[in-house]
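J.: As they're listed, the protein sequences go chains A and B.
Under the working numbering, the first residue of the first sequence carries the number 336, and numbering increases by one thereafter.
Under the working numbering, the first residue of the second sequence carries the number 62, and numbering increases by one thereafter.
What the hints contain is simulated information worked out from the structure, not anything from laboratory work.
No residue lacks a Cβ here, since even glycine has one placed at the ideal position from N, Cα and C.
It cannot be assumed that every hint is accurate.
Stated by the list, open to error - Below, computed lysine to aspartate or glutamate pairings styled on EDC-like, alpha-carbon distance capped at 16 Å:
| # | chain 1 | residue 1 | chain 2 | residue 2 |
| --- | --- | --- | --- | --- |
| 1 | A | LYS375 | B | GLU101 |
| 2 | A | LYS476 | A | ASP414 |
| 3 | A | LYS476 | B | ASP191 |
| 4 | B | LYS165 | B | GLU184 |
| 5 | B | LYS215 | B | ASP140 |
| 6 | A | LYS375 | A | GLU447 |
| 7 | B | LYS215 | A | ASP343 |
| 8 | B | LYS165 | B | ASP191 |
| 9 | B | LYS162 | B | ASP191 |
To be verified - Stretch-level coverage of chain A by chain B, calculated; a stretch enters the list once three of its residues show a Cβ under 8 Å from a Cβ in chain B:
| # | region |
| --- | --- |
| 10 | 352-358 |
| 11 | 366-375 |
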Amino acid sequence: MLAIVRPDSWNLPLFLHVLGATAVTGATAATVVAAAASQKWPWLRPLVFKTSVGVVLPTWLLMRLGGAWSDSREPIGDDSTWLGIGYLVGDAGLILLIAVAIFSWIGKRRPEKGWPEKAVVGIAGVYFVALLVAMFAMSGKPGS
Amino acid sequence: MDRYQWLLFFHVTGAFMVLGGAVMAGILNVSALRRERPSEIVVLFRLTRYAVTSITVGMVVALAFGLWLVSDADYGWGDTWIVLALILWFVANALGGIGGKRDKRARQLAEQLVAQGDQPSAELQTRLRDPVSLALSWGSGIVVVGILALMIWKPGA
Numbered sequence: 336m337l338a339i340v341r342p343d344s345w346n347l348p349l350f351l352h353v354l355g356a357t358a359v360t361g362a363t364a365a366t367v368v369a370a371a372a373s374q375k376w377p378w379l380r381p382l383v384f385k386t387s388v389g390v391v392l393p394t395w396l397l398m399r400l401g402g403a404w405s406d407s408r409e410p411i412g413d414d415s416t417w418l419g420i421g422y423l424v425g426d427a428g429l430i431l432l433i434a435v436a437i438f439s440w441i442g443k444r445r446p447e448k449g450w451p452e453k454a455v456v457g458i459a460g461v462y463f464v465a466l467l468v469a470m471f472a473m474s475g476k477p478g479s
Numbered sequence: 062m063d064r065y066q067w068l069l070f071f072h073v074t075g076a077f078m079v080l081g082g083a084v085m086a087g088i089l090n091v092s093a094l095r096r097e098r099p100s101e102i103v104v105l106f107r108l109t110r111y112a113v114t115s116i117t118v119g120m121v122v123a124l125a126f127g128l129w130l131v132s133d134a135d136y137g138w139g140d141t142w143i144v145l146a147l148i149l150w151f152v153a154n155a156l157g158g159i160g161g162k163r164d165k166r167a168r169q170l171a172e173q174l175v176a177q178g179d180q181p182s183a184e185l186q187t188r189l190r191d192p193v194s195l196a197l198s199w200g201s202g203i204v205v206v207g208i209l210a211l212m213i214w215k216p217g218a
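Assemble the whole structure, with the sequences as input and the hints as a guide.
T.: Right, dumping it as structure tokens:
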């Protein structure tokens, strides 16, 4: 019931965090779909790279900074499993997203190679699932 | 997890499907505006179907579990934020639905052009850049962000 009586000062950080989380999830899905389709249509490869660098990373940053700001305001969930999952997916996710950006850049530069886009599909697909797990943990707050 | 947490999880899942799908559709829409060959534009329209499916299912899921949450938790049906959110839900659906029909006509033209030799077409570019279609589709996305803001700030609660 804490969500019902949330103080006003918590709202903007939470809004930015949720907006960033939804956007990074959609942009990651777009990356997976476009990378998978680029096996058949290689002209999609620049789109995969631009999406991973121009949309996924900025929205990840919005999610992460909004989350940190929100956590600094809200004395809720400290040391809890659901918050730990959120931080894990957020922080470890950056490594995966940088790998996605690198592989999508290689795929764009070398359209004759198929493996870079397969790597993008695999890594971005794993991160997409991790985002869904984090969404379950952050929204349902199991164990709280 | 108690019932409130489960309901909130499914409600948020619907919201993620809508907003995530809208971002995906936006990315593919911007990409389509930058292509000239009808066959490439058709591919981008086909990929957009994944986003549209996510938005459509998410809208229903978010509304169904949102209504359940209102009846289950200490919210009032007449609360300003709930009434506004429901109005905006219908507005977003109307804008997206009308915009989607106009996009469908552009996709059908692109498919015709593919069958006729796949040459760039000024008419197709005009339809893709139709300001009314763009305003409807992007306006629908902005309204959904407005619903998210209402869910966070809950004015009148």
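J.: Each hint: holds or not?
T.: Consistency of the hints with the structure:
In summary, the hint linking A/LYS375 to B/GLU101 is supported, as the alpha carbons are separated by about 12 Å, within the 16 Å threshold. For the hint pairing A/LYS476 with A/ASP414, the CA-to-CA distance comes to about 12 Å; that is within 16 Å, so the pair holds. Restraint check: the Cα-Cα separation between A/LYS476 and B/ASP191 comes to about 44 Å, which exceeds 16 Å; the hinted pair is violated. At roughly 15 Å between alpha-carbon atoms, B/LYS165 and B/GLU184 fall within 16 Å of each other, so this suggested pair holds.
For the hint pairing B/LYS215 with B/ASP140, the CA-to-CA distance comes to about 9 Å; that is within 16 Å, so the pair holds. Distance hint between A/LYS375 and A/GLU447 is fulfilled; the C-alpha atoms sit about 12 Å from each other, no more than 16 Å. Under the criterion of a C-alpha separation no larger than 16 Å, the hint pairing B/LYS215 with A/ASP343 is consistent with the structure, at around 10 Å. With a CA separation close to 13 Å, the supplied pair B/LYS165 and B/ASP191 stays within the 16 Å bound.
About 13 Å separates the Cα atoms of B/LYS162 and B/ASP191, which keeps this hinted pair within 16 Å; it holds. Figure legend: the region 352-358 of chain A, annotated as covered by chain B; annotation consistent (5 residues with Cβ-Cβ distances under 8 Å, at least 3 required). With 3 residues bearing a CB less than 8 Å from a CB of chain B, the region 366-375 of chain A meets the requirement of three and the coverage assertion stands.
Of the numbered hints stated above, the single one contradicted by the structure is hint 3.
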